[in-house]
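Residue numbers (the working numbering), protein chains in the order written: chain A, 1242 to 1684; chain B, 19 to 264.
No lab work stands behind these hints: they were computed from the structure.
Any given hint could turn out to be false.
[Said to hold, decoys possible] Below, a list of computed lysine-lysine pairs in the BS3-like style, where the Cα atoms sit at most 25 Å apart:
id	chain 1	residue 1	chain 2	residue 2
1	A	Lys-1332	B	Lys-76
2	B	Lys-76	A	Lys-1642
3	A	Lys-1360	B	Lys-76
4	B	Lys-76	A	Lys-1357
[As the list claims (entries may be wrong)] Partial selection, computed: residues in chain A whose CB lies under 10 Å from chain B:
id	residue
5	Glu-1331
6	Gln-1395
7	Met-1397
8	Tyr-1415
9	Cys-1571
For glycine and all other residues, C-beta sits at the position ideal for the given N, C-alpha and C.
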Amino acid sequence: MEEESDSRKINNSFLRDHNYATEADIISTVEFNSTGELLATGDKGGRVVVFQREQESKTQPHRRGEYNVYSTFQSHEPEFDYLKSLEIEEKINKIKWLPQQNAAYFLLSTNDKTVKLWKISERDKRPEGYNLKDEDGRIRDPSTITSLRVPVLQPMDLMVEATARRIFSNAHTYHINSISVNSDLQTFISTDDLRVNLWNLEITDRSFNIVDIKPANMEELTEVITSAEFHPQQCHTFAYSSSKGSIRLCDMRLAALCDKHCKYFEEPEDPATRSFFSEIISSISDVKFSHNGRYLMTRDYLTVKVWDLQMENKPVETYQVHDYLRGKLCSLYENDCIFDKFECVWNGSDSVIMTGSYNNFFRMFDRNTKRDVTLEASRENSKPRAILKPRKVCVGGKRRKDEISVDSLDFSKKILHTTWHPYENIIAVAATNNLYIFQDKVN
Amino acid sequence: MLGRGVKRKWSCLEELELLPGAAVPEEKRQNLAAGGGHDPSMSRLQQRQLVLSLCVEKLQHYQAGVELSLRRSVLLINTLRQIQEEMRSDGTGTCTPEVLLHGVDPDSYLLTDDMSVTCSGCAEGDMESLSLSPPASPEPASQDAEQQKPLPTAVSNTLSDAGSAGGYLSDLALDDIFEDIDTSMYESSDLLSAWAAGSLWPVTSSLWWDEDMKLRPAGHSSAGSLQSCLMDLNELDHIMEVLVKS
């Protein structure tokens, strides 16, 4: 997609598709698959809902590939850890798709402790004419069977079924915060606060610990791992971010245990902005490689940073997401919002980055034109098929008509999870228990 | 076994009232909080005090049966450490033992810790091994399943953590604190005397699960040296209030 048309679209022309209200539960993760045909959401209740894009139809060109529910299944159930007398939440923390290799779709979904591989397949035929049982499934009396027949496949209504093909469990003492599929399509990593484990997709009773930052004495613990991701092309490289604002790039070829990093990315702290909250707001909540594999993007509480993999001492770009919150850190600390973990995402061409904020706002930054826009995901403020209006937060002084003042922001409405279609300008944004899908307008 | 509350001396109370910001009342706290980081009306000292009390409150508050987020706990503790460092370099604060232990009910710690950390109700025979035994770990499948570790009680977990917490909060003048206190009741139990000798702040005990905590030597590495307490009197009082939920 051309950069020029990208920037034009960002500015003012996002068409709002109808929104899907997922009823009971708060959406905890959203992810497009590698072709963009499917969109998966996970929620706090352990369910996964998969949407599929409609085939574009010539008769209704304005309904350009809308997303409809394709499959819904219960991925994880709440569990009880008897040893610690603690509940294990069924909330889906992350979903990652595997690239499609046959007619079925595969995805990995994880809660705090267990990763599962799900196969989603279609069934549109069923066998009829069994010998030993009749059509209702009742066993036939063998003495009544006088001849044999070959069962025949008959068409039936399309059924989409999800089956758990692998369950990768008992490898994490702490809470899993991320999973990442390797470009070799044979392995994946699961990451908790202190460890990164490498799995083979075929083997569930063994995993290989490749990063372990647990100190011998837990009292010395000052830093945890917040996210990890494989490099999109180099199957031996992965990166993990920390609660202290640093990113480590590791090469699995160097050693079995990747405690020594290859590269260490950290920006020195600006002493002028130091406060009691400096460390908390420097904690990285998400790390994403660019599609071309040359850059890393990190999200901390107030900014999004783009790092060139060749330069470790500072990011090449820093974008302020909601700097007006800097003066409110104390209140945000008190109401715990300062611990919110926002995700960030690249568009298909790596020219635009997007991340969420409060008040159901989300922000997009064009890396080339340096222009940015704030948009809102809410039913009240936009009608279906209307173009989203850019929003603005007033930071002091006179508030203009359409602006919203910092004190009026609703901090309970946070957009933590967003995803971008791999090729097109289609984004999915989770606002608490609502899913919004936006597309660029049809020209 | 309930702790016998130690009565605060009147002079101590007077001191508290004289100190600015003593037992920060709710509305004042809200004003401070609303002021945010750059509010000129809130001095750095006031903000520090507020953040400190919030820190402790957050560390102590948890839902029973729900595991704490390690990331959040680590960030809170690091903030607490940072404030303590600053206070130490400022040279502020002395505490009196009476204030520190006002209304302290050791059982309240143990009970609340119990909820979030270990399986409840496990009993052990040997008292000494109790204080030393590590929690049985939820070992990953790859580890040796035959390695049996005795199940701890909540108390022992608190202790072993408290003992090691002593290393973490070693600057608290623990000997100093306990000088004036009549611990005859505590001494009747090995457990509680060990607890009393350890850190007063079982802050880390409930915060994270140490799956392979090793046996610790009986002599806890708690602070032996006399150093001045880090907390201001008024902060301590507030903290005590929070902890005891009086």
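(message) Tell me the numbers of any earlier hints that the structure contravenes, in ascending order.
(response) Violated hints: 2, 3, 4, 5, 6 and 7; rest satisfied.
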